[in-house]
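Engineer: Sequence:
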Amino acid sequence: MNQLQINGTQSFMGKEIPVILGGFGPDKKCISDKTIAEIHGMEAYHIRELINRNIKRFSENVDYIDAGQRIVQSDTLELLKNIGYSKQSIVQAEHIYILSERGYAKLIKIMDTDLAWKIHDKLIDEYFALREEKAAMQELSPELQMFKHIFDSVAQTQLEQRRQEKALEDTNKRIDDLRDVVALNPNSWRPDARKLIVGIAQKMGGNEFIQNVQAEIYSLVDARAGVSLATRLTNKRRRMADEGVCKSTRDKLNKIDVIADDKKLIEIYVAVVKEMAVKYGACPPKQSA
Numbered sequence: 005m006n007q008l009q010i011n012g013t014q015s016f017m018g019k020e021i022p023v024i025l026g027g028f029g030p031d032k033k034c035i036s037d038k039t040i041a042e043i044h045g046m047e048a049y050h051i052r053e054l055i056n057r058n059i060k061r062f063s064e065n066v067d068y069i070d071a072g073q074r075i076v077q078s079d080t081l082e083l084l085k086n087i088g089y090s091k092q093s094i095v096q097a098e099h100i101y102i103l104s105e106r107g108y109a110k111l112i113k114i115m116d117t118d119l120a121w122k123i124h125d126k127l128i129d130e131y132f133a134l135r136e137e138k139a140a141m142q143e144l145s146p147e148l149q150m151f152k153h154i155f156d157s158v159a160q161t162q163l164e165q166r167r168q169e170k171a172l173e174d175t176n177k178r179i180d181d182l183r184d185v186v187a188l189n190p191n192s193w194r195p196d197a198r199k200l201i202v203g204i205a206q207k208m209g210g211n212e213f214i215q216n217v218q219a220e221i222y223s224l225v226d227a228r229a230g231v232s233l234a235t236r237l238t239n240k241r242r243r244m245a246d247e248g249v250c251k252s253t254r255d256k257l258n259k260i261d262v263i264a265d266d267k268k269l270i271e272i273y274v275a276v277v278k279e280m281a282v283k284y285g286a287c288p289p290k291q292s293a
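Numbering follows this note's numbering, with no gaps: position 137 of the sequence shown is 141.
Check the hints yourself; a few may be wrong.
[What the hints assert, rightly or not] Beta-carbon label-pair distances, calculated as ranges:
{"no.": "1", "residue 1": "20", "residue 2": "98", "range": "35 to 43 Å"}
{"no.": "2", "residue 1": "10", "residue 2": "227", "range": "42 to 50 Å"}
{"no.": "3", "residue 1": "70", "residue 2": "238", "range": "23 to 31 Å"}
{"no.": "4", "residue 1": "73", "residue 2": "212", "range": "34 to 42 Å"}
{"no.": "5", "residue 1": "282", "residue 2": "238", "range": "47 to 55 Å"}
{"no.": "6", "residue 1": "60", "residue 2": "266", "range": "40 to 48 Å"}
{"no.": "7", "residue 1": "195", "residue 2": "10", "range": "27 to 35 Å"}
{"no.": "8", "residue 1": "243", "residue 2": "60", "range": "42 to 50 Å"}
No lab work stands behind these hints: they were computed from the structure.
Bear in mind that the values here come from a model prediction, so they are computed numbers and not experimental data.
Using N, Cα and C, we set each Cβ at its ideal position, and we do this for glycine too.
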């Protein structure tokens, strides 16, 4: 598999991510779709969908390697398991993408969100940056090499302190934002929920994910309430047909209209939307005073 290998882990944004070398050149770092999804607060299949829809923009073996097409090789299967993929997810996935730095940059361009670009810059600075230090180090005297190690250690400690301070600042901001989510007005649940759904889709990569978000929310409402919104929607349309309501009006009905008929379903729906907003860090815009 182009001599891909795992070289330990690296701390990034509070996560321990596997360091993958090779595949796109000797000692070149690359990154899996699973790791990208974890960093961006998404699911791996969302990352694959983005790549699949824009596959013409990516060059195989330059921007990506499709490990999902090579799982018949025992070394590939073992490598994917070591990265963190479960055996079931490996078998079920049609594609498993390993991206080069260039491929990841293209993916971020497709996402085109402020958060994605922020993560991109940080990842390039901290993960992909491979400086040509080994050869230069060999030319230094043992004494200078020792001092360099000391200075590097001190610098790394200071950088880690700054990362922790920034992480604390981000956490405090996230808590403030989540307070806004919890405080949503239950009397305007439809427009408020719509704003959050759009925000969640943006975190996933764009408005094209709105339908995916809605489908996941409806599925969770079904499971939590022990109902079938699809069945209720069909029954509602039939009742309206019996009442003589025109077909065009009946066709405009959707599952939100079904939820609006039941106070319990409204409460469950709002709770599910809030939970997903917290999960993906999607918060409504603050109202100006």
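Engineer: Each hint should be assessed against the structure and marked as holding or not.
Structural biologist: Cross-check of the supplied hints:
A hinted range of 35 to 43 Å is violated for the C-beta pair residue 20 and residue 98, which are about 28 Å apart. Between residue 10 and residue 227 the beta carbon distance is about 37 Å. The supplied range of 42 to 50 Å is therefore violated. A C-beta distance of roughly 40 Å is found between residue 70 and residue 238, which places it outside the suggested range of 23 to 31 Å. Look at residue 73 against residue 212: about 25 Å separates their beta carbons, and that is not inside 34 to 42 Å.
For residue 282 paired with residue 238, a C-beta distance near 32 Å fails the hint of 47 to 55 Å. The hinted range of 40 to 48 Å is satisfied by residue 60 and residue 266, whose Cβ atoms lie roughly 45 Å apart. Under the hint 27 to 35 Å, the C-beta atoms of residue 195 and residue 10, about 47 Å apart, miss the expected range. For the pair residue 243 and residue 60, the beta carbons lie near 48 Å from each other, so the given range of 42 to 50 Å is met.
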